[in-house]
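S.K.: With the sequences and hints as input, model every part of the structure.
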Amino acid sequence: MKEFITPPEHIHFLAKKLFTDCGEIIDGSIAYLEKGGGGPTSLHTHEHNHLFIVFSGQARIELDGEVKIVNANESFLVNGKVPHSVWNNIEGTTVMIGISVKAK
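In the numbering used here, the protein residues as written are 1 to 104.
Calculated from the structure, these hints are not laboratory results.
Watch out, some of these pointers could steer you wrong.
Stated by the list, open to error - In silico DSSO-like cross-links for lysine-lysine, where the CA-CA straight-line distance does not exceed 27 Å:
id, residue 1, residue 2
1, K17, K102
2, K81, K17
3, K81, K68
4, K102, K16
5, K2, K68
6, K68, K102
7, K35, K102
M.R.: Next up, the structure:
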């Protein structure tokens, strides 16, 4: 489990930091993206940023001509002002958390 550590004074415990201070949290949601699932169907923008954390599966984030793949146990911060959408990138279900964060 690449990039996981055992913190001091812990046993049988592996942790990986997914993010640091990235702004004030507005809200958060858990999402289950089935095969072919995601959205919105057209790229969109807004004032707040999205912090996506993938728990299982693989997400494909489309960013105005660029694609970012986010695997299980990884996170990615999307600048809300950049046109974007998020999609399941595997045959099974992808489980992820989306946290809306005020832009700094």
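S.K.: Which of the numbered hints are not met once you compare them with the structure shown?
M.R.: Hint 7 contradicted; others consistent.
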